[in-house]
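Undergrad: Chain by chain, the residues run as shown.
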Amino acid sequence: MATVSLKRLTKRYGNMEIVHGIDLDIADREFIALVGPSGCGKSTTLRMIAGLEDISGGNIDIGGRVVNDLPPRSRNISMVFQSYALYPHMTVRENLGFSLKIAGAAKDDMDRRVAEASAILGLDELLERRPSQLSGGQRQRVAMGRAIVRDPDVFLFDEPLSNLDAKLRTQMRTEIKKLHAKVKSTVIYVTHDQVEAMTLADRIVIMRSGYIEQVGTPDEVFSRPATRFVAGFIGSPPMNLHEATVSDGRLVFSRGDSLPLPGQFKSKTAAGDKVVFGIRPDDFYPTGHGLSSGGETEVHRLDLPVSITEPLGNETLVFAEFNGADWVSRMLNPKPLKAGDRIGMSFDLSRAHLFSAETGKSLRN
Amino acid sequence: MDENASARLIRRTLTVGHRVGLFLAMLVICLPGIWIVLSSLRPTVEIMAKPPVWIPQQLSFDAYVAMFSGIGKGGIPVLDYFRNSLIISVTSTVIAVAIGMAGGYAFARYRFRGKSGMFLGLMLTRTVPGIAMSLPLFFVCARLGIIDTHFGMILAYVALNIPFTIWLIDGFFRQVPKDLAEAAQIDGCTRWQAFWQVEFPLARPGIASAAIFAFLTCWNEFALASQLTRSVNSKTLPVGLLDYTAEFTIDWRGMCALAVVMIIPALTLTYIVQKHLVGGLTSGAVKG
Chain A
1 MATVSLKRLT
11 KRYGNMEIVH
21 GIDLDIADRE
31 FIALVGPSGC
41 GKSTTLRMIA
51 GLEDISGGNI
61 DIGGRVVNDL
71 PPRSRNISMV
81 FQSYALYPHM
91 TVRENLGFSL
101 KIAGAAKDDM
111 DRRVAEASAI
121 LGLDELLERR
131 PSQLSGGQRQ
141 RVAMGRAIVR
151 DPDVFLFDEP
161 LSNLDAKLRT
171 QMRTEIKKLH
181 AKVKSTVIYV
191 THDQVEAMTL
201 ADRIVIMRSG
211 YIEQVGTPDE
221 VFSRPATRFV
231 AGFIGSPPMN
241 LHEATVSDGR
251 LVFSRGDSLP
261 LPGQFKSKTA
271 AGDKVVFGIR
281 PDDFYPTGHG
291 LSSGGETEVH
301 RLDLPVSITE
311 PLGNETLVFA
321 EFNGADWVSR
331 MLNPKPLKAG
341 DRIGMSFDLS
351 RAHLFSAETG
361 KSLRN
Chain B
1001 MDENASARLI
1011 RRTLTVGHRV
1021 GLFLAMLVIC
1031 LPGIWIVLSS
1041 LRPTVEIMAK
1051 PPVWIPQQLS
1061 FDAYVAMFSG
1071 IGKGGIPVLD
1081 YFRNSLIISV
1091 TSTVIAVAIG
1101 MAGGYAFARY
1111 RFRGKSGMFL
1121 GLMLTRTVPG
1131 IAMSLPLFFV
1141 CARLGIIDTH
1151 FGMILAYVAL
1161 NIPFTIWLID
1171 GFFRQVPKDL
1181 AEAAQIDGCT
1191 RWQAFWQVEF
1201 PLARPGIASA
1211 AIFAFLTCWN
1221 EFALASQLTR
1231 SVNSKTLPVG
1241 LLDYTAEFTI
1251 DWRGMCALAV
1261 VMIIPALTLT
1271 YIVQKHLVGG
1281 LTSGAVKG
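From first to last, the protein sequence lines are chains A and B.
Counting in the working numbering, the first sequence runs without a single skipped number right up to 365 at its last residue.
Counting in the working numbering, the second sequence runs without a single skipped number right up to 1288 at its last residue.
Keep in mind that the hints were calculated from the coordinates and are not lab data.
Note that the coordinates shown come from a computational prediction; the quantities given were computed from them, not determined experimentally.
For each residue, glycine too, the CB sits at the ideal point set by N, CA and C.
Treat each hint with caution, since some may be false.
[Said to hold, decoys possible] Where chain A lies over chain B, by a calculated footprint (3+ residues, C-beta under 8 angstroms):
1. 1174 to 1188
2. 1195 to 1201
[As the list claims (entries may be wrong)] Anything over 12 angstroms on all C-beta distances counts as not near chain B; from chain A, calculated:
3. 99
4. 127
5. 218
6. 328
7. 333
8. 339
9. 359
Given these sequences and hints, build the entire structure.
TA: Here it is as structure tokens:
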């Protein structure tokens, strides 16, 4: 069990800097998800923590010990790879016990710990099989078993569910959460899937192009995104984001359509400011079909034409045309709609977001 | 006749056709081998007969007995040749495979300056026919005073085999996912342990095939050996075959008998190692 702390962590390949001096403090037993689009440096960061990549600058501290130049084996970490990386020439039992064998553990101790791990993950039936005889989900469990057998300070997961089909992924996600509840160790989990990050993590680190955009609880990054990028990245379907100019207490969009400037931003903007207006599909809904809590204070209503609908059963995604663009909205208790219908839409402006068009930073603070 | 019955008939006919074809192909492939074995067992008159005598009239082991009877009784120093062949082939194979493993691993895993140029250079050496190098090699060895020594032969064969072993082993290491070595290091291995515990066992089929090919190359090589060897000190079996040629005669039966003696160890070794050649061991390592 240990804390992990990254200080000005940098990675360069030749002249190209991939990770630009990031700082991050991870508490003991915390489940942290590193999330971001491909190429954002999240896997490189994880591999630096693991010791599989040299660091070009900064410090990595695990459990109060600087590990910058230590080889992976001296860091007391374990890692689950996207490809599982099971040793194909060993049985499941040998795979699980491999790290103990290398460490020179006694036979009884090894058997006991392999049995424990196998019991936690339900691998008892599979112990004598080889990886090629296992299904994807089983291989994934063996990979996790191999990680927990070592009783490491920190678990590292590198997109562990990416190779599974959608159904199995949901199932394994639950298993990982249960596993964390059982073994209670620090977890750093890399994923490009924001749903995994939201459902699993205590805190989410959103990365882009080698920088950290925001660190926060799932609720924080969802409700109070610090930047336009985070706003667009977290949430499905994504937030509607459109550029506008502040003018006379209104937001005027590119084609002349406008909305009232949300109250909370009045003091933070001046006429002529270029901003990005953001509203989640949950806060922009056909009137009467939203998440009505009755407390909305700042609802703006407009009649808009529907351009397309995507029924999902319990809800329908309605794409309404405003300022020449399709704005996605979530319609609860859906009623049949067809393209071209005009429908009353509500903008819950109290929950809208405003970002600087120049820096992309939220204007909330 | 209904459709199913005729389909069944066609399938059976095709199966029989396949087997007959295979048999004929195998016959053509095996005939030289069979012919050598047969020729080693029958008198020269029968070997030279025209038209050929397909079914041997008389068989005897005279040639084998004579071969081992020692000089002056129609024998040749076959045990010396055998020992030379074995020492030279085994040693040069071991060295070529060791270097091939190191080189193949480096080419498969590391990025370094001039990598592709070096690889191409190694491959280009394969395009030079061995016989073309025999004269320069002879001069070099003569100057170094290593003509007619095991060392000289081993050196030549190691050089001959290295490009091939590197190329073959490189291909096999490329098939071993990099993740496995990384997982092993996280599991507590040093780089060296990760190689021996995980990567080496998985590339073993490739290393075994490289070893067989290298061994057979050395075992059967004649052109260079005929230049670099002089006496029982270093003559190998293929060069020993020449002992059966005299000024006006060639003892075909004796030659064939020696050829059989040469083939048997090569065949045995290939048979033993072939189970290691089975590929597909890495399946299941990664992905679903």
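Undergrad: Hey, is residue 218/A genuinely clear of chain B, shortest beta carbon separation above 12 angstroms?
TA: 28 angstroms, holds
Undergrad: Are there three or more residues in the region 1195 to 1201 of chain B whose C-beta lies closer than 8 angstroms to some C-beta of chain A?
TA: Holds, because 3 residues of the region 1195 to 1201 of chain B bring their Cβ atoms closer than 8 angstroms to Cβ atoms of chain A.
Undergrad: Say whether it holds or is violated: residue 339/A keeps its Cβ farther than 12 angstroms from all Cβ of chain B.
TA: 40 angstroms, holds
Undergrad: Closest CB-CB distance from residue 328/A to chain B, is it above 12 angstroms?
TA: Since the minimum Cβ distance to chain B is about 33 angstroms, residue 328/A lies beyond 12 angstroms and the statement holds.
Undergrad: At 12 angstroms, judged by beta carbons, does residue 127/A keep clear of chain B as stated?
TA: The assertion about residue 127/A holds, with a minimum of 16 angstroms to chain B.
Undergrad: For residue 333/A, which was marked as not at the interface, is the minimum beta-carbon distance to chain B over 12 angstroms?
TA: Per Cβ check, residue 333/A is outside 12 angstroms of chain B; nearest 39 angstroms; holds.
Undergrad: Would you check whether the claim that residue 99/A is not at the interface survives, using Cβ distances to chain B and the 12 angstroms cut-off?
TA: 4 angstroms, violated
Undergrad: How does the coverage statement for the region 1174 to 1188 of chain B fare against chain A, requiring three or more residues with Cβ below 8 angstroms from a Cβ of that chain?
TA: holds (count 10)
Undergrad: Does the claim that residue 359/A lies outside the interface with chain B hold up, using a Cβ gap greater than 12 angstroms?
TA: At roughly 38 angstroms from the nearest Cβ of chain B, residue 359/A sits farther out than 12 angstroms, so the non-interface label holds.
Hint violations for this structure: number 3 only, all remaining hints satisfied.
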